[in-house]
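Novice: The primary structure of each chain is shown beneath.
There are 2 protein chains.
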Amino acid sequence: MSNGKYLQLTEVSLRDGSHVVAHAFTEKQVRDVAKSVDDAGMHYLEVSHGDGLGGSTLQYGKSLVDEMKLIEAAVDECKHTKVSVLLIPGIGTIHELEQAHNLGAQLVRVATHATEADVSAQHIKKARELGMEAIGFLMMAHSVSADKLVEQAKLMQSYGAQAVYVTDSAGALLPHEVREKIRAMRKHLDVEIGFHAHNNLSLAIANTLVAIEEGATRIDGSIRCLGAGAGNAQTEVLLAVLERMGIDLGIDLYKMMDVAEDVVGPIIQGSQEIRKGSLVLGYAGVYSSFLLHAERAGKKFGVDPRDILIELGKMKVVGGQEDMIVDVAADLSKKAKAGV
Amino acid sequence: MSNGKYLQLTEVSLRDGSHVVAHAFTEKQVRDVAKSVDDAGMHYLEVSHGDGLGGSTLQYGKSLVDEMKLIEAAVDECKHTKVSVLLIPGIGTIHELEQAHNLGAQLVRVATHATEADVSAQHIKKARELGMEAIGFLMMAHSVSADKLVEQAKLMQSYGAQAVYVTDSAGALLPHEVREKIRAMRKHLDVEIGFHAHNNLSLAIANTLVAIEEGATRIDGSIRCLGAGAGNAQTEVLLAVLERMGIDLGIDLYKMMDVAEDVVGPIIQGSQEIRKGSLVLGYAGVYSSFLLHAERAGKKFGVDPRDILIELGKMKVVGGQEDMIVDVAADLSKKAKAGV
Chain A
1 MSNGKYLQLT
11 EVSLRDGSHV
21 VAHAFTEKQV
31 RDVAKSVDDA
41 GMHYLEVSHG
51 DGLGGSTLQY
61 GKSLVDEMKL
71 IEAAVDECKH
81 TKVSVLLIPG
91 IGTIHELEQA
101 HNLGAQLVRV
111 ATHATEADVS
121 AQHIKKAREL
131 GMEAIGFLMM
141 AHSVSADKLV
151 EQAKLMQSYG
161 AQAVYVTDSA
171 GALLPHEVRE
181 KIRAMRKHLD
191 VEIGFHAHNN
201 LSLAIANTLV
211 AIEEGATRID
221 GSIRCLGAGA
231 GNAQTEVLLA
241 VLERMGIDLG
251 IDLYKMMDVA
261 EDVVGPIIQG
271 SQEIRKGSLV
281 LGYAGVYSSF
291 LLHAERAGKK
301 FGVDPRDILI
311 ELGKMKVVGG
321 QEDMIVDVAA
331 DLSKKAKAGV
Chain B
1 MSNGKYLQLT
11 EVSLRDGSHV
21 VAHAFTEKQV
31 RDVAKSVDDA
41 GMHYLEVSHG
51 DGLGGSTLQY
61 GKSLVDEMKL
71 IEAAVDECKH
81 TKVSVLLIPG
91 IGTIHELEQA
101 HNLGAQLVRV
111 ATHATEADVS
121 AQHIKKAREL
131 GMEAIGFLMM
141 AHSVSADKLV
151 EQAKLMQSYG
161 AQAVYVTDSA
171 GALLPHEVRE
181 KIRAMRKHLD
191 VEIGFHAHNN
201 LSLAIANTLV
211 AIEEGATRID
221 GSIRCLGAGA
231 GNAQTEVLLA
241 VLERMGIDLG
251 IDLYKMMDVA
261 EDVVGPIIQG
271 SQEIRKGSLV
281 LGYAGVYSSF
291 LLHAERAGKK
301 FGVDPRDILI
311 ELGKMKVVGG
321 QEDMIVDVAA
331 DLSKKAKAGV
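So the protein lines, in turn, are chains A and B.
Counted the way UniProt numbering counts, the first sequence spans residues 1 to 340.
Counted the way UniProt numbering counts, the second sequence spans residues 1 to 340.
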């Protein structure tokens with residue numbers, strides 16, 4: 001098997017999956033997952049509120065346990081795996097970044113909407129000053145052209161980002177679109193390229209393979225698809241596929257299968273199949289974390305959540321504008337009652 | 001949106017999904033699914049025991065309701081959708097084919113192991129005599145070369161098959177392997193090419209897209225992934241992806257999403273996520289229907305089902321040799337006890 005150790009995998013279930021469990025991860029769950037993925041040889045483990053550091057608010061959902069406590073617990077369990085955090089400027093602050101760093105987080109992914117890289121400057125610079133790895137994370141990448149993405153990624157590179165991710169927050173990218181975007185990034189950037197998938201159109205694994213083919217070296221997965229919407233590239237499946245392709249990441253496949261079944265499986269309420277809601281999320285091309293909000297708003301206003309999400313997709317609503325979901329639902333409900 | 005009506009989609013949940021529900025589909029379930037997919041504009045609906053006509057035996061699992069009764073019910077509900085049946089020579093017979101034809105089945109897929117196309121001759125010829133559409137179905141296509149597959153498909157073509165499928169029974173094919181196989185088939189055959197996916201490596205949708213790109217015109221899906229192992233290309237997801245690509249099959253996406261949620265969802269016991277068992281099935285490259293057998297045998301003999309499946313993959317065990325699963329389990333158990 002070829003040495004695939006140039007590829008760095010980040011396990012995101014304890015961050016992206018926070019959305020699925022309504023931000024209610026317990027310290028024991030985090031310890032169990034951290035200990036077992038560390039034992040299997042995982043490269044990075046991301047731990048934060050689903051919306052990143054500081055996301056525990058009424059707006060985004062209160063965390064059951066303070067994320068700093070969870071980060072500390074993960075660091076405590078990990079002998080080799082490095083702990084990563086997510087930070088969305090505007091939600092998370094420099095102060096929280098310093099706290100996470102002090103607790104042992106070694107990498108931060110600074111996430112902005114695909115057109116707003118400029119708001120990441122101070123956070124990326126601060127992370128580098130602290131001696132952390134700093135990565136830029138361009139969300140909703142499906143909604144902009146490859147040229148625009150390159151322009152924004154270059155900004156992040158100029159701030160000191162050591163890698164920039166194409167982040168398919170909506171799980172809306174098709175394989176040929178991933179190819180075009182990663183290829184353009186690879187051609188025009190000097191730093192590493194990453195790819196973060198969502199599985200709403202059942203393309204997360206395939207899109208990740210395309211990204212690797214085109215030169216991405218940073219990839220993300222979530223065990224049992226424990227991530228927003230239909231989840232991400234399913235970690236244990238991704239490892240099996242890469243092994244079939246002869247690419248060895250140095251992570252133990254059998255152990256990861258067992259973690260999926262025995263450690264993460266019991267955490268999941270319900271299942272991470274592709275259901276009506278997550279499918280329409282990919283189809284409409286809207287932010288993954290909108291799903292639960294749209295379902296709640298749909299219930300409250302008696303509106304089909306699909307119609308809400310498609311409307312939000314048309315309006316190109318971005319992360320941080322979750323309050324608009326209720327407005328859209330109310331509006332659709334009003335129109336329906338008026339027979340429009 | 002471009003006209004994709006040259007593509008013919010077969011819904012296989014009521015046949016391939018038979019494995020998932022232990023062959024216990026009720027007449028009401030079949031009527032409900034048939035009526036609703038017909039209303040949505042589905043092209044073909046396959047109804048048979050999971051192992052094809054005549055599969056209701058102690059060996060393959062007894063059907064709760066006689067498949068002929070289910071075929072009759074589906075035909076009765078379908079105004080436009082054509083009812084298809086599966087026949088594996090050696091399990092199903094000419095007599096059962098005639099019965100299904102008399103009840104209104106309009107298409108038969110005659111399935112053989114990828115190296116045994118010659119056993120399909122009389123069934124394909126008979127179907128054509130009866131005025132049915134006849135399609136060849138080369139199972140376990142991952143286990144043979146593209147050249148071998150072309151050779152076998154040409155045999156089926158010579159018998160009168162109007163299309164030949166590349167059937168990824170084990171869900172083990174990678175996208176570049178699908179490309180190579182379909183391309184070779186397209187180049188050397190005069191009849192239509194089909195592709196039947198399984199989702200054990202989370203590649204069913206992506207592989208189906210590759211097959212279409214390479215000229216396959218017959219594709220299969222199962223609503224909610226209701227098929228053996230982790231299921232097939234999830235029908236409602238496939239339709240959404242094709243729509244995003246601008247390909248319109250003339251099937252109503254919203255209606256199919258509703259069928260998935262409201263009609264098929266309640267039929268499924270548990271969930272069709274990619275779990276340990278189905279993943280190893282794709283990883284090991286073994287026949288999908290082996291999964292439940294391996295789990296039962298594993299339980300009986302105290303052996304990890306993964307080890308049984310990987311051993312079967314090495315031995316290139318084919319459909320119809322299910323009795324070997326118990327032998328392998330017993331053997332592994334003996335070796336484990338002997339400390340080998």
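Treat the hints with caution; some may be incorrect.
Identical copies carry no separate label here, and so any pair may be met within one copy or between two of them.
To be verified - Taking lysine-lysine pairs in the DSSO-like style, the calculated list, with each CA pair at most 30 Å apart, reads: (1) LYS79 <-> LYS35; (2) LYS62 <-> LYS187; (3) LYS28 <-> LYS154; (4) LYS316 <-> LYS300.
Treat the hints as calculated values from the structure; they're not laboratory data.
Novice: Evaluate each hint against the coordinates.
Specialist: Against the structure, the hints come out as follows:
For the identical chains of this complex, LYS79 and LYS35 are intra-copy neighbours only, at 8 Å inside a copy versus 57 Å across copies, given an alpha-carbon limit of 30 Å. In this assembly of identical chains, the alpha carbons of LYS62 and LYS187 never lie at most 30 Å apart, being 41 Å within a copy and 58 Å across copies at closest. When the C-alpha separation of LYS28 and LYS154 is checked against a cutoff of 30 Å, the pair qualifies neither within a copy, at 40 Å, nor between copies, at 59 Å. Proximity of LYS316 to LYS300 under the C-alpha cut-off of 30 Å is restricted to the intra-copy arrangement: shortest distance 23 Å within a copy versus 55 Å between copies.
Hints 2, 3 from the earlier list are contradicted by this structure; the remaining hints agree with it.
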